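*Asks:* Given next are the chains, with one letter for each unit.
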Amino acid sequence: MQWETVIGLEVHLQLATASKIFSGSPTTFGAEPNTQASAVDLAMPGMLPVLNEQAVRYAVMFGLGIDAEIGLRSVFDRKNYFYPDLPKGYQISQFAEPIVGRGHFEIQLEDGSTRQIGITRAHLEEDAGKSLHEDFHGMSGIDLNRAGTPLLEIVSEPDIRSAEEAVAYLKALHSLVTYLGISDGNMAEGSMRCDVNISLRPRGHEEFGTRAEIKNVNSFRFVEKAIRHEIERQSDILEDGGKVVQETRLYDPDKDETRPMRSKEVANDYRYFPEPDLLPVIIDTSYVEAIRETLPELPTAKRHRFAEQYGLSAYDAGVLADSRALGDYYEAAVAACGDAKIAANWVQVELLGQLNRSDLELGDCPVSAPDLGGLIARILDNSISGKIAKQVFEAMWAGEGTADEIIAAKGLKQVSDSGALEAMVDEVIAANPGQVEQYRAADEGKRKKLIGFFVGQIMKASKGQANPQMVNSLLAEKLD
Amino acid sequence: MAIEQDEIEKIAELARIRVDAAQAADLTRRLGDILAMVDQLQAADTADVEPMAHPLDATQCLRADRVTEENRREAFQAIAPAVEDGLYLVPKVIE
Numbered sequence: 068m069q070w071e072t073v074i075g076l077e078v079h080l081q082l083a084t085a086s087k088i089f090s091g092s093p094t095t096f097g098a099e100p101n102t103q104a105s106a107v108d109l110a111m112p113g114m115l116p117v118l119n120e121q122a123v124r125y126a127v128m129f130g131l132g133i134d135a136e137i138g139l140r141s142v143f144d145r146k147n148y149f150y151p152d153l154p155k156g157y158q159i160s161q162f163a164e165p166i167v168g169r170g171h172f173e174i175q176l177e178d179g180s181t182r183q184i185g186i187t188r189a190h191l192e193e194d195a196g197k198s199l200h201e202d203f204h205g206m207s208g209i210d211l212n213r214a215g216t217p218l219l220e221i222v223s224e225p226d227i228r229s230a231e232e233a234v235a236y237l238k239a240l241h242s243l244v245t246y247l248g249i250s251d252g253n254m255a256e257g258s259m260r261c262d263v264n265i266s267l268r269p270r271g272h273e274e275f276g277t278r279a280e281i282k283n284v285n286s287f288r289f290v291e292k293a294i295r296h297e298i299e300r301q302s303d304i305l306e307d308g309g310k311v312v313q314e315t316r317l318y319d320p321d322k323d324e325t326r327p328m329r330s331k332e333v334a335n336d337y338r339y340f341p342e343p344d345l346l347p348v349i350i351d352t353s354y355v356e357a358i359r360e361t362l363p364e365l366p367t368a369k370r371h372r373f374a375e376q377y378g379l380s381a382y383d384a385g386v387l388a389d390s391r392a393l394g395d396y397y398e399a400a401v402a403a404c405g406d407a408k409i410a411a412n413w414v415q416v417e418l419l420g421q422l423n424r425s426d427l428e429l430g431d432c433p434v435s436a437p438d439l440g441g442l443i444a445r446i447l448d449n450s451i452s453g454k455i456a457k458q459v460f461e462a463m464w465a466g467e468g469t470a471d472e473i474i475a476a477k478g479l480k481q482v483s484d485s486g487a488l489e490a491m492v493d494e495v496i497a498a499n500p501g502q503v504e505q506y507r508a509a510d511e512g513k514r515k516k517l518i519g520f521f522v523g524q525i526m527k528a529s530k531g532q533a534n535p536q537m538v539n540s541l542l543a544e545k546l547d
Numbered sequence: 050m051a052i053e054q055d056e057i058e059k060i061a062e063l064a065r066i067r068v069d070a071a072q073a074a075d076l077t078r079r080l081g082d083i084l085a086m087v088d089q090l091q092a093a094d095t096a097d098v099e100p101m102a103h104p105l106d107a108t109q110c111l112r113a114d115r116v117t118e119e120n121r122r123e124a125f126q127a128i129a130p131a132v133e134d135g136l137y138l139v140p141k142v143i144e
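Chains as they are written, first to last, in my numbering: chain A, 68 to 547; chain B, 50 to 144.
Rather than coming from a laboratory, the hints here were simulated on the basis of the structure. Being a predicted model, the structure only gives us computed values, none of them experimental. Beta carbons are placed, not taken as given, at the ideal position from N, Cα and C, and that holds for glycine. Take these hints with a grain of salt, some might be off.
Below, simulated DSBU-like cross-link-like pairs (lysine-lysine); rule was C-alpha separation at most 30 Å, straight line [unchecked claim]:
#1 Lys59/B to Lys516/A
#2 Lys457/A to Lys477/A
#3 Lys59/B to Lys141/B
#4 Lys59/B to Lys457/A
#5 Lys146/A to Lys141/B
#6 Lys454/A to Lys480/A
#7 Lys282/A to Lys292/A
#8 Lys322/A to Lys292/A
#9 Lys141/B to Lys322/A
#10 Lys527/A to Lys513/A
#11 Lys141/B to Lys516/A
#12 Lys59/B to Lys155/A
On the chain A side, residues computed to face chain B include the following (Cβ under 10 Å) [what the hints assert, rightly or not]:
#13 Lys87
#14 Phe89
#15 Gln103
#16 Asp144
#17 Ser207
#18 Leu247
#19 Ala462
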């Protein structure tokens, strides 16, 4: 049987506010346990939540970024369950009336093709604390620093059809939220956590199969692996005539498998009801429109503009528009050198390659965009060859100066002086009479190959600085 | 809308309230009476009435995103039953 995979993703995005969603505690990552947990976060009796305006603003920004209906009236609810890292015994969330309604955005796959993925909703809620299960004399340790951190839960439509698309979705989402500046998107620190709903159905069927939910998958790579594993597990069950059980599973990256997580006695029954401690949140269209004015150009728009304005392939445009900083860097380099395609190549191959090898972020890059543009300009005006340019780039990376300074200091300027080149050509011809004879005796086809020998000798003699086009034409002239 | 005793037992478990069989039977009867009253309310025509999210006719005030709380861990942990390395200790939870 041919199975079709149906995937929906729930992403918990930590919003980049300074303080928590309902209290004035800081949200800084990595503080000493419980030093950022106030009376509100600890659920001390009599404490009341007060909503953080910035969290509302960020949620609206996200909604505008996915072209969604914004909930001008949204309501907080209590989601009830008991767990020690949830001191109130309920999480304040939004259920029936979320702040962001239905929207959509475009994802780009490795081959440059694109797809629209629907977003069902996005709602504001508070994060829970952290439980540490190492042995504290048979007890568990609770750190409530994270309790009350603002989250935006983003629920996708079941529009995703493969592990590859799921990863592309997460990357596009990551790109969008970091462009908007509403989250740092740091997956390693838990700023973007993902639950995967996945089911299989016979290809061509409309009706969904029974789904399993995989909780808390925290890197792009694990999402891909967890989905591949789960597809295999469910198709094995279905091929054997079995039934997939609706359950929550946990991905174990060490064993590369998923296994059931919650026992049925805690069957999800959250008994949502409106949070009496918070009033309905009302925002007006002027508030929303004022926020719309502040939005930057978003990744999809930038990608399309790059392809059109600079004549880049869909793939190249996608890479360069992936982050706002990289897009800005690229455009500054283009402005400095005037050639969008060569700049695209240099940014993607040399710059990103070197950043990757040095394990640096673009923000720490030692070569500025105008300086890279300056280097490319020297290739374009034939001062240096592409090969020498790489050498200059290495020196720029090492902090030896701008391209012009390095070219001058190291005497790397390409020899385009026809007198000097002619002398070199004469010298090489005189030193290799055998090869000259062979060349003269050869037919047109073989000559093309044999001339390479002379070019090589001249490049060697000039330490790679001879202008290759001029060398070729001088040789052809002298040898024929 | 009637309620069964096993529903009462389930809700009690979810709420972590210990209810024995005799109490459960009594609660089933009493909650059943309340639900009967709710049924009566349900008979009212509410087609033109907006659902109420809050009894107060007001909207939520928002606060500016500023850190206003200081670290008061010592004071909070002084009244906790068990702490270690800055953590609150609780009976072991196994996922």
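*Asks:* Each hint needs a verdict: does it hold in this structure or not?
*Replies:* For each hint, the structure was consulted:
no. : hint                 : verdict
1   : Lys59/B to Lys516/A  : violated (86 Å)
2   : Lys457/A to Lys477/A : holds (14 Å)
3   : Lys59/B to Lys141/B  : holds (23 Å)
4   : Lys59/B to Lys457/A  : violated (71 Å)
5   : Lys146/A to Lys141/B : holds (23 Å)
6   : Lys454/A to Lys480/A : holds (12 Å)
7   : Lys282/A to Lys292/A : holds (13 Å)
8   : Lys322/A to Lys292/A : holds (11 Å)
9   : Lys141/B to Lys322/A : holds (25 Å)
10  : Lys527/A to Lys513/A : holds (22 Å)
11  : Lys141/B to Lys516/A : violated (77 Å)
12  : Lys59/B to Lys155/A  : holds (21 Å)
13  : Lys87                : holds (9 Å)
14  : Phe89                : holds (9 Å)
15  : Gln103               : holds (7 Å)
16  : Asp144               : holds (9 Å)
17  : Ser207               : holds (5 Å)
18  : Leu247               : violated (16 Å)
19  : Ala462               : violated (45 Å)
Figure legend: structure checked against the earlier numbered hints; hints not met, in rising order: 1, 4, 11, 18 and 19.
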